[in-house]
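Protein chains: 2
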Amino acid sequence: MAISILFGGKSYEHEISIVSAISLGKIMKIEHFIFLDCEHQFYLIPQEKMKSSTFSSGEYKQCKKLTIKGRDFYHSSFLGDKALGVRKLLSVIHGGDGEDGIISSMLEFYSIPFIAPRTKACVVSFDKHLTKLYAKDRGVEVLPFELFEIANPPKSLGKYPSIIKPLRLGSSIGVSVIESENDLAYALDEAFEYDECILVEPFISGVKEYNLAGYRNLEGDFVFSIVEEPKKSDFLNFENKYLDFSRTEQVCKAQISQELENALREAFVKLYKNCFEGAIIRCDFFVIEDRVYLNEINPIPGSMANYLFPDFSKAIEEVMMPSPRMINIDYRYIGKIQRAKGKA
Amino acid sequence: MAISILFGGKSYEHEISIVSAISLGKIMKIEHFIFLDCEHQFYLIPQEKMKSSTFSSGEYKQCKKLTIKGRDFYHSSFLGDKALGVRKLLSVIHGGDGEDGIISSMLEFYSIPFIAPRTKACVVSFDKHLTKLYAKDRGVEVLPFELFEIANPPKSLGKYPSIIKPLRLGSSIGVSVIESENDLAYALDEAFEYDECILVEPFISGVKEYNLAGYRNLEGDFVFSIVEEPKKSDFLNFENKYLDFSRTEQVCKAQISQELENALREAFVKLYKNCFEGAIIRCDFFVIEDRVYLNEINPIPGSMANYLFPDFSKAIEEVMMPSPRMINIDYRYIGKIQRAKGKA
Numbered sequence: 025m026a027i028s029i030l031f032g033g034k035s036y037e038h039e040i041s042i043v044s045a046i047s048l049g050k051i052m053k054i055e056h057f058i059f060l061d062c063e064h065q066f067y068l069i070p071q072e073k074m075k076s077s078t079f080s081s082g083e084y085k086q087c088k089k090l091t092i093k094g095r096d097f098y099h100s101s102f103l104g105d106k107a108l109g110v111r112k113l114l115s116v117i118h119g120g121d122g123e124d125g126i127i128s129s130m131l132e133f134y135s136i137p138f139i140a141p142r143t144k145a146c147v148v149s150f151d152k153h154l155t156k157l158y159a160k161d162r163g164v165e166v167l168p169f170e171l172f173e174i175a176n177p178p179k180s181l182g183k184y185p186s187i188i189k190p191l192r193l194g195s196s197i198g199v200s201v202i203e204s205e206n207d208l209a210y211a212l213d214e215a216f217e218y219d220e221c222i223l224v225e226p227f228i229s230g231v232k233e234y235n236l237a238g239y240r241n242l243e244g245d246f247v248f249s250i251v252e253e254p255k256k257s258d259f260l261n262f263e264n265k266y267l268d269f270s271r272t273e274q275v276c277k278a279q280i281s282q283e284l285e286n287a288l289r290e291a292f293v294k295l296y297k298n299c300f301e302g303a304i305i306r307c308d309f310f311v312i313e314d315r316v317y318l319n320e321i322n323p324i325p326g327s328m329a330n331y332l333f334p335d336f337s338k339a340i341e342e343v344m345m346p347s348p349r350m351i352n353i354d355y356r357y358i359g360k361i362q363r364a365k366g367k368a
Numbered sequence: 025m026a027i028s029i030l031f032g033g034k035s036y037e038h039e040i041s042i043v044s045a046i047s048l049g050k051i052m053k054i055e056h057f058i059f060l061d062c063e064h065q066f067y068l069i070p071q072e073k074m075k076s077s078t079f080s081s082g083e084y085k086q087c088k089k090l091t092i093k094g095r096d097f098y099h100s101s102f103l104g105d106k107a108l109g110v111r112k113l114l115s116v117i118h119g120g121d122g123e124d125g126i127i128s129s130m131l132e133f134y135s136i137p138f139i140a141p142r143t144k145a146c147v148v149s150f151d152k153h154l155t156k157l158y159a160k161d162r163g164v165e166v167l168p169f170e171l172f173e174i175a176n177p178p179k180s181l182g183k184y185p186s187i188i189k190p191l192r193l194g195s196s197i198g199v200s201v202i203e204s205e206n207d208l209a210y211a212l213d214e215a216f217e218y219d220e221c222i223l224v225e226p227f228i229s230g231v232k233e234y235n236l237a238g239y240r241n242l243e244g245d246f247v248f249s250i251v252e253e254p255k256k257s258d259f260l261n262f263e264n265k266y267l268d269f270s271r272t273e274q275v276c277k278a279q280i281s282q283e284l285e286n287a288l289r290e291a292f293v294k295l296y297k298n299c300f301e302g303a304i305i306r307c308d309f310f311v312i313e314d315r316v317y318l319n320e321i322n323p324i325p326g327s328m329a330n331y332l333f334p335d336f337s338k339a340i341e342e343v344m345m346p347s348p349r350m351i352n353i354d355y356r357y358i359g360k361i362q363r364a365k366g367k368a
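Protein chains in written order, with the numbering used here: chain A, 25 to 368; chain B, 25 to 368.
There could be a bad hint or two in this list.
Since copy identity is lost for identical chains, a pair holds within one copy or between any two.
Calculated cross-link-like contacts (lysine-lysine; reagent style PhoX-like; alpha-carbon spacing at most 20 Å) [said to hold, decoys possible]:
#1 Lys93 to Lys106
#2 Lys277 to Lys73
#3 Lys232 to Lys277
#4 Lys179 to Lys88
#5 Lys50 to Lys73
#6 Lys112 to Lys183
#7 Lys112 to Lys232
#8 Lys53 to Lys73
#9 Lys75 to Lys360
#10 Lys106 to Lys75
Just so you know, the hints here were simulated from the structure itself, not pulled from any lab data.
All chains should be built: construct the whole structure from the sequences, respecting the hints.
Structure below.
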């Protein structure tokens with residue numbers, strides 16, 4: 025079944041989402057490219073226009089406008105609204121609008137079948153503090169952390185190096201590693217530009233990092249990607265990560281023991297099960313003295329981590345689509361009250 | 025400023041939401057009543073039709089249909105779509121659609137000013153397990169609990185009496201107190217009808233219960249309702265609670281010490297701050313041996329707990345409306361990549 029892609033969004037990661045959509049268009053057949061601009065207007069972008077200049081120049085505004093309604097996206101015609109015919113939608117809206125649960129809520133509301141984390145899964149993975157509580161509760165270790173609000177920034181940090189992250193952003197935006205107190209003021213300014221709350225963690229230089237993507241398939245079984253040991257120039261800044269997001273080439277499997285691979289998969293399952301169904305996610309782990317720690321959950325990873333799967337189209341085909349709960353309302357209680365009041 | 029009300033929703037608490045809306049219409053001026061039916065169609069209900077039979081009979085389907093789009097709700101006319109002119113919207117959609125974050129996400133997306141918890145606050149309070157993690161992390165005590173999935177129901181519970189609750193519902197739907205192992209099978213059936221996951225807590229007969237509602241006002245200060253000691257026939261079943269939701273009469277202040285009132289307020293602030301802004305919520309507490317425990321957060325309480333406020337219209341007027349984050353996208357990174365590739 026052909027897949028449509030939803031991308032863009034009112035988000036600091038808007039441009040990354042465009043790169044993700046372009047990258048996916050290169051490796052698989054996409055039925056529709058649906059762009060959401062920062063004014064929250066949807067547009068249908070023809071395949072041949074799927075290049076970055078279409079968006080940076082504003083040229084996309086000449087494309088067909090779409091509205092979202094029951095079961096589909098629609099464009100206006102002389103004969104009224106015409107359904108686009110979206111059969112399955114993959115959302116690659118990173119950050120705000122996408123990973124914060126807004127778009128998933130809308131797709132759920134309008135009963136459009138979609139691949140992306142559902143609202144709760146978005147909220148749990150978008151807020152790094154909630155992610156820590158969630159992971160610990162599910163028996164997956166995390167690094168220690170401290171939270172600070174913009175009204176009460178830290179005057180100094182106990183330990184260096186440390187890493188400072190805005191509470192609710194991905195893609196390393198606003199993230200800084202600080203080596204000493206001298207770097208603190210600048211790093212705080214940077215992080216607080218993106219969020220009124222920040223999270224501080226110890227930065228462990230040379231720590232082993234492993235990324236693992238996966239999903240549940242139509243049978244409910246877990247399907248895992250290969251494990252990647254991401255290349256890093258100690259710490260990937262936004263620009264490097266940005267280029268990273270346009271990856272379409274398969275990477276090499278990390279050279280790790282079967283035991284460690286199993287431990288990473290086990291942690292993945294603990295995090296995913298009964299929460300992330302319907303999504304293809306990537307979990308980034310640290311391994312310190314043979315123990316696995318969750319770094320972060322990427323509920324909508326850059327270019328969907330396609331480069332970690334031997335056959336990404338198959339993944340799209342077989343990811344489990346949770347069905348919305350059926351609710352039958354019979355007005356039984358209102359009926360009872362009416363009868364009690366003698367109003368039948 | 026006049027307020028519009030959004031109610032109904034595809035939810036087990038659909039009927040309760042109708043009762044809430046009718047009750048609020050009795051105590052304050054409502055500009056528009058906007059009903060969401062179980063097919064996810066919005067309708068504009070005239071004031072004189074705001075009675076339960078309009079909904080139970082299906083008569084509401086003859087009312088004007090509305091669609092939600094940028095900044096307002098719209099109805100079709102010969103001259104195209106006409107904006108309704110919603111200035112501030114109070115959502116009283118309890119349970120699914122409302123408290124699960126779906127509607128809040130949509131109102132946020134379409135930039136409609138609204139009073140209700142934002143998406144994250146919904147998710148945190150709708151899922152009783154997440155609520156426990158969240159409250160504990162914020163320094164508010166909760167009762168111990170166990171979780172069970174439908175695939176692995178408990179064969180027996182360690183202690184009796186216990187209380188069984190579906191993980192994600194309000195209004196006592198599917199909740200049972202079980203006195204002995206004999207009651208277990210029936211109670212499990214009941215709870216699993218509404219959710220594939222349940223939560224079991226010790227039931228403490230005769231425990232002191234106190235409810236406190238509140239919000240942050242335009243200045244960012246906390247405004248609290250009176251503290252209520254809810255009447256209870258040991259445990260309110262759905263029908264009693266249902267009648268409870270139509271309350272519009274002021275209740276009496278609980279006879280408690282200033283010290284306890286302060287402790288309840290302190291817990292409320294810990295739970296509300298930096299999460300529930302924009303909403304009027306009610307927190308239900310237990311007090312056991314002078315210690316305060318959170319029972320549950322009602323992010324959209326029945327009839328908005330209007331009966332706890334001396335002047336509920338004032339509350340609606342002065343609740344802080346969080347403004348959406350402004351995001352400026354300058355296509356700087358895409359520009360850089362284009363230049364690097366020599367494509368300007």
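Status of the hints after comparison with the structure:
1. Lys93 to Lys106: both (11 Å within a copy, 17 Å between copies)
2. Lys277 to Lys73: neither (34 Å within a copy, 65 Å between copies)
3. Lys232 to Lys277: within (14 Å within a copy, 58 Å between copies)
4. Lys179 to Lys88: Neither way: Lys179 and Lys88 sit 52 Å apart in one copy and 58 Å across, limit 20 Å.
5. Lys50 to Lys73: within (13 Å within a copy, 55 Å between copies)
6. Lys112 to Lys183: neither (48 Å within a copy, 47 Å between copies)
7. Lys112 to Lys232: neither (37 Å within a copy, 51 Å between copies)
8. Lys53 to Lys73: Within. Shortest intra-copy distance 15 Å satisfies the 20 Å Cα cut-off; inter-copy 51 Å does not.
9. Lys75 to Lys360: between (60 Å within a copy, 14 Å between copies)
10. Lys106 to Lys75: neither (26 Å within a copy, 36 Å between copies)
In the structure shown, a violation is registered for the earlier hints numbered 2, 4, 6, 7 and 10, in ascending order.
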